[in-house]
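For this one, chain H is given, so just place chain P on it according to the hints.
There are 2 protein chains.
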Amino acid sequence: MTETGQRTPSRDVQGALVDAAERVLVRDGTAGLTVRAVATEAGVAPMGVYNRFGNKYGLVAAVLVRGFDALAASVRGDDADAPQDRLAGCGRRYRRFALGNREHYEAMFGTAVPSDARAAASTTELDEHAAAAFGVLVGEVSRAMDAGVLRRDDPAETAQVIWSAVHGAVSLELAGVTQAGDPEASFERLLAALLSGLS
Amino acid sequence: MTETGQRTPSRDVQGALVDAAERVLVRDGTAGLTVRAVATEAGVAPMGVYNRFGNKYGLVAAVLVRGFDALAASVRGDDADAPQDRLAGCGRRYRRFALGNREHYEAMFGTAVPSDARAAASTTELDEHAAAAFGVLVGEVSRAMDAGVLRRDDPAETAQVIWSAVHGAVSLELAGVTQAGDPEASFERLLAALLSGLS
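Sequence lines, in order, name chains H and P.
Numbered per the UniProt record's numbering, the first sequence spans residues 1 to 199.
Numbered per the UniProt record's numbering, the second sequence spans residues 1 to 199.
The hints are simulated quantities; they were obtained by calculation from the structure and are not laboratory data.
Even glycine gets a Cβ: it sits at the ideal position worked out from N, Cα and C.
Treat the hints with care, since some could be wrong.
[Claimed, not checked] Stretches of chain H that chain P covers, calculated by requiring three or more beta carbons in the stretch to come under 8 Å of a beta carbon on chain P:
(1) 127 to 141
(2) 146 to 160
(3) 178 to 186
[As the list claims (entries may be wrong)] Just the calculated beta-carbon pair ranges, DEER-fashion:
(4) H:79 / P:148: 39 to 47 Å
(5) P:51 / H:36: 33 to 41 Å
(6) P:12 / H:84: 57 to 65 Å
(7) P:196 / H:139: 19 to 27 Å
(8) P:52 / H:14: 46 to 54 Å
(9) H:184 / P:143: 26 to 34 Å
(10) H:70 / P:52: 41 to 49 Å
(11) P:146 / H:96: 35 to 43 Å
(12) H:176 / P:132: 14 to 22 Å
(13) P:43 / H:15: 48 to 56 Å
One chain only, chain H, in its complex shape:
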């Protein structure tokens, strides 16, 4: 998600450090995302990273906040879609986000970033951005209920069910451990079965 080529002289140092952290994450995975590696990548002294992010987990949190914002933007419904296709479109874009940002996705929802590390990070901001991304899906589910595409129910709980299922398909595809069928076709089957069962 680094905006290569869009950096300007006015781009702030904090942003440049998160850019560097994203490059390190993509190259070396979550385990490699250390203050030292990011300082080297950004060409600054480690103290410059500590001063801004506190520690490794503050840096991870800053990367994940960007990830949740990008996911929220990806998942938002497309006004060009017919009401009955809109949620499936959200699901497809969710899958594309995960496949195109594998390291971010795994850090956001996997267990590579242990929960005690999450707790040590500036979780308030991180939790807010994660909740906002989920909120986009809840809004789409509400809209689908209003349009009669999904049956009326608690939108957040219905959104959780959709997210769980979609996350599962994407996770098994990312891990390369699916057992049957082409992953894209299987994802379409999942969307169709789930949305039908919730309609």
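Below, chain P alone, put in the same frame as chain H:
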């Protein structure tokens, strides 16, 4: 899954080493599952582990083979269940297996064991046991189709859809990142929506 108290003098050394590896996995996670740690845990020389398992990944594979066998046994349908409840029962036992064997589950289906490590391990045996566990679900799906509980379709592809969804709910619960609802109630909603959509 270590069978504490059931060890007998005739229990073979290989089995005792896998027992030790399971204890190390549960205690220290996948990253801590090294030949040295397992040798220490089992009270043998590291060479004794190398001789039997080749390397760390051979040891991981042996643990995962056990995990898949235990999962297969957990997921198998209960003949006491009515046909229309049988698949939901499989799903509930799958969730209980994952929650009760968190470290095994993450090693089996997560990205903690990188795919190149899987490839380095004795994958033939591992793949066979993973496929056999999936095969139990495929058999249950076939049976549900025969009973008219699920609509007729390719049983393996339908099983993949069910597995994906169930895995997703369980993974988010294990990672502690769900956004809405009680995880157990949310799991029940997922099962009901999915099985309805596939019926």
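Hint by hint, here is what the structure shows:
Here's how the segment 127 to 141 of chain H fares: 4 of its residues keep a CB closer than 8 Å to some CB of chain P, so the rule of at least three is met and the hint holds. Only residues whose beta carbon comes within less than 8 Å of a beta carbon in chain P count, and the segment 146 to 160 of chain H has 6; three or more means the coverage holds. As drawn, the segment 178 to 186 of chain H meets chain P at 6 residues by the rule of a beta-carbon pair under 8 Å; at three or more, the given contact holds. For the hinted restraint 39 to 47 Å between residue 79 (chain H) and residue 148 (chain P), the CB-CB distance of approximately 41 Å keeps it satisfied.
Between residue 51 (chain P) and residue 36 (chain H) the CB atoms are about 38 Å apart, so this pair conforms to the stated range of 33 to 41 Å. In this structure the supplied range 57 to 65 Å holds for residue 12 (chain P) paired with residue 84 (chain H), their Cβ-Cβ distance being about 59 Å. A beta carbon spacing of about 24 Å between residue 196 (chain P) and residue 139 (chain H) agrees with the range 19 to 27 Å that was offered as a hint. For the pair residue 52 (chain P) and residue 14 (chain H), the supplied restraint of 46 to 54 Å holds, since their beta-carbon distance comes to about 52 Å.
Range check, residue 184 (chain H) to residue 143 (chain P): about 28 Å between beta-carbon atoms, so the 26 to 34 Å window is met. For residue 70 (chain H) and residue 52 (chain P), the hinted distance range of 41 to 49 Å is satisfied, since their beta carbons lie about 46 Å from each other. Between residue 146 (chain P) and residue 96 (chain H) the CB atoms are about 37 Å apart, so this pair conforms to the stated range of 35 to 43 Å. Taken as a hint, the range 14 to 22 Å holds for the pair residue 176 (chain H) and residue 132 (chain P), whose Cβ atoms sit roughly 18 Å apart.
Residue 43 (chain P) and residue 15 (chain H) have their C-beta atoms about 53 Å apart, which keeps the hinted 48 to 56 Å range intact.
Checked against the numbered hints above, the structure violates none of them.
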